[in-house]
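Engineer: For reference, the chains in residue letters:
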Amino acid sequence: MKWNGIAWILMLGLLVNCKSNEEDLSFGKLLIEFQHLVNEDPASFDKLIYENGAGNPYELSNIQWFLSDVALRKKNGEYLLIEGEDWIHYVDTDLPQTHFWEIQQAIPAGSYTAIRFTFGIKGEKNSPNRFANPPESNMFWPYPMGGDEGGYHYMKLNGFWLNPEEERIPFNFHLGVGQIYDLEGNVTAFIQNWFEKELSAAIVVAPDQTSRIYFKMNIQNWFINPHVYDHNEYGGKIMNNQEAMGKIKENGMDVFSLEIWEDGSTK
Amino acid sequence: MVQQNSYFDHFLPGKVYYRLLMVVLLTATFLYSCDPDTPAPVQEGPTAFIFPDVQHFPTQLNIPEQNPMTVEGIELGRYLFYDGRLSGSSHPDSLMSCASCHIQSKGFEVGIDHPKYKDGHPFGLPTENYPEGKPTPHYTMHLLNLVYNSNGYLWNGMIHKSNERKGPEGYEFMGDDYLSYKYLESLVWMSILAEHEIAGSIEKTINLIGSIPMYKPMFTAAFGTDEVNIDRVSKAIAQFVRTIVANRFKFYKYVRREVDLTQQELRGYQLFFSEDADCFHCHSGSLLMTTNEYYNNAKDTVFDDPRDRYAITGDLMNKGAYKAPSLINCEINGPYMHDGRFKSLDEVIDFYSHGLVYSDYVDPLMKYVKENGVQMTSEQKADLKAFLLTLTDHELLNDPKYSCPDELGTFGIRDYAY
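Taken in order, these protein sequences are the chains called A and B. Counting from 0, one number per residue, gives the positions in the first sequence under numbering that gives the first Met the number 0. Counting from 0, one number per residue, gives the positions in the second sequence under numbering that gives the first Met the number 0.
Read the hints as simulated data drawn from the structure, not as lab findings. Just so it is clear, the structure is predicted and the values come from calculations on it, not from any experiment. Among the hints, a few may not be true.
To be verified - Which residues of chain B face chain A? A few of them, derived with a C-beta cut under 7 Å, are:
hint: 1; residue: Phe-272
hint: 2; residue: Ser-283
hint: 3; residue: Ser-285
hint: 4; residue: Thr-290
hint: 5; residue: Lys-369
hint: 6; residue: Glu-370
Cβ coordinates follow ideal geometry from the N, Cα and C atoms, glycine included.
Next comes chain A alone, as it looks inside the complex (with noise of 0.2 Å):
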């Protein structure tokens, strides 16, 4: 009897102990809203009226991208990867609906230090035929010119400039696989040329709210930093010019920054 009492003691004990732990973890969501800007202010399309920092004279028509790998880093510095390994995430200026990413995933309420994301998709999962359905099937990136890890287009950035005799000539500002080339024009090597970044800012997710993040691409830095991108220079068409790519990679590095909603970042 002794015995079974302190038993009965020891339970309450326990269930008591479980039920503060569940208290202590409450959940939020996240809400990524994309914008995309020339400097400060909204990009416009279809008006000639940006120059790049090579002094082109361009205009925008639409923009298409992945972003993946997408993941939280928490104060100590771990990450939580949002929906999962395989989630990529596509966004396009002419589809409204692709500006918004509700994430479905159930946040972990609390302070967050930094974004991190792969933009467009890594080689593992960039596979071909990964997706089935429109609008993400048409960004397939050729085999020939992507391999079995160049599936889909990281980018596509499509506009027009105005050359030095002032003709209005389209360009495909387009980003994926590289290619490494012989001399008879064969493709001897693969470049990948995705990038990771990790953008700090001070984010927090509050329980049983959805909290707001700007994710902002400001489109005028892909043409400038560090390299100044000449339209002139490498045409239209740049899918199977891997120096023209190398350096678009290298000019993204800032071109992404994050906005927190003022109140604390939620809405």
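Since chain A is already given, all that's left is putting chain B on it; use the hints.
Structural biologist: Same frame as chain A, now just chain B:
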């Protein structure tokens, strides 16, 4: 002997025993019902058609929930697709159906050598205003793989679920009380009324089809009763058209590693999927050989077609833009472009090589417009053409399941190639 005080007894009061018993009984019942040897209940009504997965094609199918596919509906649709009495007349000179302009041996297009429609340009049945028949404003599009397209039908994509425009009222159609422009099904009533097609009336068509004894059991099998109405006629034809899947062409088999391409076809393949010929940006994305998007492909400098993509979106950059058609069967389904201006595949290749013209509305993907095209040599053109010929689905062109039923007799619109 049952122990009076087993380890779990404290936690299993009488009610719990009862509940546990119920759970065991329910589980046993469930398991018994799942036994494969247990005969399935006899199912009444039409047989559901399960659309097979097609590797390398989209998995999202454009099948409205108001019109689920059934084996019986598809078969009825095949009859109606080919029945010239869809025109509402049984007179030999007034027969017209979908098959009048969508010829199986031509990849379900008109074809350049049509005996009646010169240069592949169809026209409607004669009317008072058009005794010779009114020509169609655009040339015919093929009917291949439409089930995989959710981005609008027709050259300008007018037929789309987002289209709120109302057609004639007073008809029940796809769950609405008016005829709409939202679905593949919509093209049936539109074709019956269009002056450049049947130029008829829905009542005449429905009355005539409803008077044909052969159809009564077919409508019953497909829809439960023998009632004939525009909703059912449209649904059945659309079901049949959705089954027209072209995936047995050589390049498809090459991707599946079932066949090899010749050296010339391989060179053409490399060209097609390179920036040198740059076909793939508009004609790939999957093995449908189209993105199903809309482009101004640098054909013109003046745009006065009231039926271009701009007419649908109101976006100036869509002036002169049309859907990029699938290149499957491009070998045999000319004439080409929305206005049929190119009569042969060679003309199309020449156009993209040397014939592009600049306008303010040209799509940015047409990046060779300043050079008037991709500037292919004659050898490259031959290589590219060799590759394009690997996109012909010869099996589809002769597949009996898509052909005119013999039972239609003289009312069936036969394939002119046979």
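Engineer: It remains to establish, for every hint, whether it holds in the given structure.
Structural biologist: Structure-based check of each hint:
Satisfaction of the interface hint for B:Phe-272 is found here, the shortest Cβ-Cβ separation to chain A being roughly 3 Å, below the 7 Å cut-off. With its C-beta approaching chain A no nearer than about 5 Å, B:Ser-283 sits inside the 7 Å limit, and its interface hint holds. Residue-level restraint check for B:Ser-285 holds (minimum Cβ-Cβ distance to chain A is 5 Å; threshold 7 Å). A cut of 7 Å between beta carbons decides the hint on B:Thr-290: the least distance to chain A is about 5 Å, and the hint holds.
Because the closest C-beta pair between B:Lys-369 and chain A is about 5 Å apart, less than 7 Å, the hint holds. Here the hint on B:Glu-370 is broken, as its CB sits about 10 Å from the closest CB of chain A, past 7 Å.
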